[in-house]
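Same order as they appear, the protein sequences are chains A and B.
Its first residue numbered 24, the first sequence is counted upward by one per residue in our numbering.
Its first residue numbered 7, the second sequence is counted upward by one per residue in our numbering.
Please keep in mind that the hints were generated in silico from the structure rather than gathered at the bench.
Just so you know, not all the hints are guaranteed correct.
[Stated by the list, open to error] Okay, derived cross-link-like pairs now, PhoX-like style, lysine-lysine, Cα gap no bigger than 20 Å in a straight line:
id, chain 1, residue 1, chain 2, residue 2
1, B, LYS158, A, LYS132
2, B, LYS158, B, LYS62
3, A, LYS209, A, LYS157
4, A, LYS132, A, LYS157
5, A, LYS132, A, LYS209
6, A, LYS132, B, LYS154
[Unchecked claim] DEER-style ranges, computed between Cβ atoms:
id, chain 1, residue 1, chain 2, residue 2, range
7, A, GLY265, B, LEU14, 55 to 61 Å
8, B, ALA19, A, GLY55, 37 to 43 Å
9, B, PHE92, A, ASN166, 35 to 41 Å
10, B, ALA19, A, GLU95, 46 to 52 Å
11, A, ASN222, B, PHE92, 46 to 52 Å
12, B, ILE101, A, SER231, 22 to 28 Å
Where a beta carbon is used, it is the ideal one built from N, C-alpha and C, also for glycine.
Letter by letter, the chains look like this.
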Amino acid sequence: MAMSQINHKTTEKNSTDIGSAVSVQNISKNYGDVEALRDMSLEFPRGQLTSLLGPSGCGKTTLLKIIAGLLEPTSGHVEVNGINVSGPGPDRAFVFQDFALLPWATVLKNVAFGLQMRGVAASEREAIAERYIKSVGLAGFENSYPHELSGGMRQRVGLARALSVDADVLLMDEPFSAVDEQTRRKFQEDLLSLVRDENKTFIFVTHSIEEAVYVSDQIAILLPRPSRVSEIIRPSSFRNKGVDNIRRDSEYLDIVDNIWSSLRTYVE
Amino acid sequence: MIKRANLLKIVSAVVLCSAWEIAGRIPVSYAFPTFLDSMRSFFEMIGNGMMLEAYKETLQPLVIGVLISAFLGIGLGLWIGLNNFFDWLFSPIFIVMQAAPLAALIPLLVLAYGIGLTSKVMVVCIMAMPVIVLNTSGAVRNTPESFKEMGKSFLASRASILLRIIIPAASPVIFAGLRLGVSAGFIGAILAELKITPTGVGDIITYSRSIADYPSMYAAIFSIILLAVLFLNLIEKLETVLFKGNQRGYVSD
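Isolated chain B (complex conformation) (with noise of 0.2 Å):
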């Protein structure tokens, strides 16, 4: 079973590098270049250490930016799930947050908090953090009624069914959360590096294309998709760890 799943992707992966190559080679656009020479400069770019370089800006507010969307993100969300206050009182800004149009407001975060690494943290987290409250708090609402009067009756302290009950039964909705605001969160840092001022791998992307190297452009695009799939995958694996039984589905829905 586990084998086909594996196969599977790999099919996939295959069947999508091979439409890229094949719309490369057509081509579809001068612009668009085959898959083969978008991995050659991929790995001239490693291996000349650019591509080290630019995450070595790129990851900065990437990882400051997720983790405090995924720390502040499911703390907040807990606490409006479970009370009706703060449920009023935060829920707007979050759904605001997450239908504004980012790229029309960075001029303001820029006038705010300057050109630095500030402005980009915070795009990341204007990305990242409303799917993942709006999850959480969600999630913590819908725990069902029974699992809680269950722990009431057999004493359970208030901490207890929230530790023991309530984020357990939320967990695969705040997990589904984080891997939605994970992924907001790249695209949040490759933004801010593209508006806000160019560097790391968003400089990569606006350097190579202003002299028309679109597979170096392409390289760094691809480079982030595949840094994100990576990034995804290891937060499946801290929830198969974290929460054993959940994947198998739940009982009495």
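One chain only, chain A, in its complex shape (with noise of 0.2 Å):
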């Protein structure tokens, strides 16, 4: 059974026509004088996670904001699909860093919010709410508020309400950022087992170099001033040897050395 998840795995991530689910061209955008992002262009491959990766106002949340139509570009533009972005669409869904549940909400209605706002009829919105809620692993919480449930929880709600839509890519802030040293570790497995099950791209903004090496198989690092793409890196070989033997293989550490190594010279 294992193995030929395996196998299945493998085939499908070497498979060179996979094409971009998103595709960003020559992104710029200014705040006044500011050069938040200079002529970025970067391609986001179907069915994989890319982390964005960088220090801090290298400009990852930025350029998420643009592909996610939240921020308007000042130059170039965003194809989902190949359909060019001008806003917020039914193909992109958004986990947010500070999860930006609605306090006066129930989890069910919080995780139903986005097929509300879709026109969705208030059955099957509740029906399919309760079942992405019960994949969280939160089934018993439907009635609970925000405020009862710890940062974990209300992250695993964010994620509930975006795949509840059922987008095709999901564009996640730095998602575990807020959540305690463990829970993050549980939620990167679990993030893992979700790319592999779920047949969406994923766009990754995170600060944790560890965090982007563990659950990338794409990984974009950004440097400030100006903003560039720097390097594209893509972990080849540990990505098929389990959770558990990950943070011990030898690709790993590299990987996050090398990361390390080029990203020290930006940190003050």
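Two chains, two separate frames, one set of hints: put the complex together.
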């Protein structure tokens, strides 16, 4: 069983003709005189997880919000499934760093929010929301309010909300930075199975090198002043060795070290 | 827990009334009646229908003024909070209104609107509206940015963002403003009756003071405070019913 899964995955990952789900082309973004992004181009392969990694101020969240359609680029454009982005769309869902859960709404209502805004009828959206609440492991908390949950559970609600709208692309803005270390490790493992099981493209912003190397199929290293993609790393070997073996794999350790040595000069 | 809160309310009321009774018995002033005397007058006036007659008069400007202030105030507040231009246009008016010494302006209002209901409603509105408007607009402006971004990224329309995110997020501060505004409105209603024409509860206060019937005067004051407290509790209940999760605190703050 495990073997067949691995084989299946290997063939999928090795095929070279996976297109790009998201394509960022020559994006620049200025805030007044400040150049946040300059002429940035990046491809996000379909069905894979790409991390945007870099020191603070390198514009990774700005890029994510431009892809989400929450920010207008000063120039350049973003294509999702070949279609030009002009604002938020049903093909993308966002997971927020601070969860952005509505405190006056129950878990069920929070998860169903996206479906409600898409005009899905109440009974149907609640059924879908319940299913996703169960799938993120929060069954029994449907009628709790966000303040009654721990940080990790809150982010599970945010994740369920993003999954429930069944978007092709999941945009995650430092989703695990506000949860504790142990919860974060569990999240990272869960994220790996999510990427494997769901046929979605993940764009993941993080400032943690270990986290990026652990979860990513592709890591884009962003450097500041002016913001640019300095390097794209595609870990090849350790992804199929099982979640328990990744952190002691020599390639994993090498990549973490290399990234740190290229970033260290930019961190003061 | 709820029982304990109620118990504390009763205890604080008892402490207050006892202090009043003791102060009246010392007496701190000839013009300061005891609590029991005031209560006697209070029930007398209820019994002989005087209180009912008075409130028929007083409640008119009060209810009209508070309703106008609440609806217009929250509406204007939303508008000001959402739009920088209207903020620039209207905010100064309400800031001036809030700071203005109203009692000194009443002759001006009487000159413009006469001594009838209109002037009294105006007084109530001037007292009640600024805090409602300013609280609402401030709360709307301070809606957490990530809530609005969340709404946008999940394809909420502008109307949905306003109704389902901005207003619920602002509601605790809007209701705080409403409570302050309504209390100010009660003060305004009595002020109008004292300064424009003595009618209703203001008339009881003025008349009983002029004949040195201080228990009646304090009974009238007590009745308006009692009514205000009851009304504020009603607003609190309304808030709980409308926005259930909010009283349980914010998550991201």
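The hints, checked one at a time:
1. About 17 Å separates the Cα atoms of LYS158 (chain B) and LYS132 (chain A), which keeps this hinted pair within 20 Å; it holds.
2. Proximity of LYS158 (chain B) to LYS62 (chain B) is assessed by CA-CA distance (about 49 Å); at most 20 Å being required, the pair is judged violated.
3. For the hint pairing LYS209 (chain A) with LYS157 (chain A), the CA-to-CA distance comes to about 17 Å; that is within 20 Å, so the pair holds.
4. About 14 Å separates the Cα atoms of LYS132 (chain A) and LYS157 (chain A), which keeps this hinted pair within 20 Å; it holds.
5. Between LYS132 (chain A) and LYS209 (chain A), the direct Cα distance comes to roughly 25 Å. Violation of the 20 Å bound is thereby established for this hinted pair.
6. Using a Cα cut-off of 20 Å, the hinted pair LYS132 (chain A) and LYS154 (chain B) holds, with the two alpha carbons roughly 17 Å apart.
7. The supplied range of 55 to 61 Å is met by GLY265 (chain A) and LEU14 (chain B), whose beta-carbon atoms lie about 59 Å from each other.
8. In this structure the supplied range 37 to 43 Å is violated for ALA19 (chain B) paired with GLY55 (chain A), their Cβ-Cβ distance being about 58 Å.
9. A hinted range of 35 to 41 Å for the beta carbons of PHE92 (chain B) and ASN166 (chain A) is consistent with their spacing of about 39 Å.
10. At about 58 Å, the beta-carbon gap between ALA19 (chain B) and GLU95 (chain A) misses the expected band of 46 to 52 Å.
11. Checked against the given bound of 46 to 52 Å, the beta carbons of ASN222 (chain A) and PHE92 (chain B), roughly 48 Å apart, stay inside it.
12. The given range of 22 to 28 Å is broken by ILE101 (chain B) and SER231 (chain A), whose C-beta atoms sit roughly 47 Å from each other.
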